[in-house]
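S.K.: Protein chains in written order, with the working numbering: chain U, 120 to 373; chain B, 19 to 315.
Honestly, the hints are just simulated from the structure, not real lab data. Please note that a few of the clues may not be correct.
Unchecked claim - Heads up, simulated DSSO-like pairs for lysine-lysine below, C-alpha to C-alpha not over 30 Å straight-line:
id : chain 1 : residue 1 : chain 2 : residue 2
1  : B       : Lys294    : U       : Lys237
2  : U       : Lys248    : B       : Lys145
3  : U       : Lys237    : B       : Lys167
Unchecked claim - Examples of chain B residues toward chain U, derived with CB under 7 Å:
id : residue
4  : Val188
5  : Gly189
6  : His194
7  : Tyr269
To be verified - If you only want the chain B side, here are some residues facing chain U, beta carbon under 8 Å, derived:
id : residue
8  : Leu29
9  : Ile30
10 : Asp127
11 : Leu128
12 : Ser169
Just so it is clear, CB atoms sit at the ideal spot from N, CA and C, and this is done for glycine as well.
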Amino acid sequence: MSKLLEVSNVRVQFGGVVAVDDVSFSLNEGELLGFIGPNGAGKTTMMRAITGVVTPTSGSIVLDDKELVGLAVHSRVRMGLGFSQQLVKPFRNMTVLENVTLTAGSRHTRSPLGALFKVDRERDRTRAKELLELVGIVDAADADPSNLPLGYLKRLEVARALALDPTLLLLDEPLAGLNHAEAHKLADMIVDLNSAGRSIILIEHNLGEVMRICSRLVVQDNGNKIADGDPESVMNTPAVRAAYLGEDMDNAAA
Amino acid sequence: MLGLSGYEISLITSMGIAVIFALSLNLITGFCGQISLGHAAFYGIGAYTSAMLTKAGMPFGVGLLGAVIVAGLIGIFIGIASLRVRHDFLAITTMGVGFLFIGIMRQWDLVGGEMGVSSIPGSGLGKSGFMFLVLGFGVLTVLFSLHLKRSWMGYAFDAIADDEDTARVVGLNVSHYKLAAFAMGTALAGLAGALYAHNVRFIDPESFGFVESITVLSMVVIGGIGSVFGVVFAAAVLSVLPLWIQFIDEYKLLLYGGLLFAMMRFSPGGLAGLVKQILRHISSRKSLQKLSGGTKI
Ligand SMILES: Nc1ncnc2c1ncn2[C@@H]1O[C@H](COP(=O)(O)OP(=O)(O)O)[C@@H](O)[C@H]1O
Ligand SMILES: [Mg+2]
């Protein structure tokens, strides 16, 4: 199996806070990797480093044998990254469907000049509708995202990333805000996407679903990678158990 | 011709020029969401360029073309310089560009310094011919704006206007799109400025100052940011009001500033937004009447 993503010795620092400390991991083509860890572990920061939203202080990130560090966010997205963010960011001056149609038609918007000469949206709207159907929010297609509950916005975020048809899909807590049944369904959809050949990194707090669907886990705690391997043995690692023991208390308090 | 008096022709011509100028800012501020408080500088660059070219003996058409190119090129240059600047700082930067332009023109003897440029050649088309030319450019600008709004470029502008960072995450080259907006908007402002110069035949630095920048911004905001017809309407009305009513001319800044503030406060969608709200209100009342009519039977 060939490597799709190779993250080597990445370190991200915000002022005095080291959010990611010298982390390395890799992803094979076609893999569904669970990237987990307690709150504040630096998971989101790692995803942001991969997409280029934050710049690592050191380290390298290689996608398909191409170095990503130093490239602009949009270039990385054009190279095949799709990012569904933890903090949902719908375009609020568009409907749900328009949000997804925009990325479904991303081939039109590669350059401004090219985009000026293209008008038709029909085909991309159809595709966007299919994706809304897939994530289960087609009933809100014409809604203004400002009026929707988090569970809908999370799935909008996923559909919008998916519409880019990325070779690597990064999902940052897509199940948050969903009830048990909805979470189960979306997790099944993630499995289907993966079975269809899409490589996925899934950050998720819903450990039940993570254990159910992921073939491998990477665990990060306090900016350090503390485990990497098949879910069963990873969850039995003392360091992981210790990290989640503290987390369980946090969750109970929250 | 058409039974229009010379006065009416000159009003319509001024109106047409204002519409082109306002739509040029609408491309930058309305469509792409980038505020500019110095847009009159590009209007001025167009005016000076065409004035100097035609005074040097170039044909009128070359003057217009030169104005478009020079204003657009300087626009791209300023655009590149302000790419890293965001939101409120962009307002300050563009305001600075406006003042810088005035400062340079005042000191630059080649273009008449404070005295400005007079005896600018006319278009050679006659008063009504020139009016039709302006209206023709106005119609083309409207059609271009409408097309742009419907195109994928307009779609990408919507995303950038709402949230730049997220626009990047969905793969948009935000810098290129902003530069495209700057280039088109400033080039078009250059055209409007050139038309202005050949209309009034005399220009000086004060014609392109901060008041003009605020005036054109008021037209865009009052018309409804991003709305083509709203902006056309606001530009047409606000450009002739001061010509009709002397009193308004004296209190122009106060009036426009007040309208600008009132719109931001009470109807951020401008007149276009207001009309939409009213239409929605009427149609919902109609459907209510239909409903109640239905239950009576
Ligand atoms: N933009 C930022 N500026 C400063 N500190 C940040 C920023 N983003 C994240 N952090 C800090 O980095 C650490 C890791 O955060 P994050 O990556 O969001 O963790 P996780 O996603 O695992 O919950 C936290 O201590 C957080 O406060
Ligand atoms: Mg996070």
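S.K.: If a hint holds in the structure, say so; if it doesn't, say that too.
M.R.: How the hints compare with the structure:
| no. | hint | result |
| --- | --- | --- |
| 1 | Lys294(B) - Lys237(U) | holds, 27 Å |
| 2 | Lys248(U) - Lys145(B) | violated, 55 Å |
| 3 | Lys237(U) - Lys167(B) | holds, 11 Å |
| 4 | Val188 | holds, 5 Å |
| 5 | Gly189 | holds, 4 Å |
| 6 | His194 | holds, 5 Å |
| 7 | Tyr269 | violated, 34 Å |
| 8 | Leu29 | violated, 34 Å |
| 9 | Ile30 | violated, 30 Å |
| 10 | Asp127 | violated, 39 Å |
| 11 | Leu128 | violated, 35 Å |
| 12 | Ser169 | holds, 5 Å |
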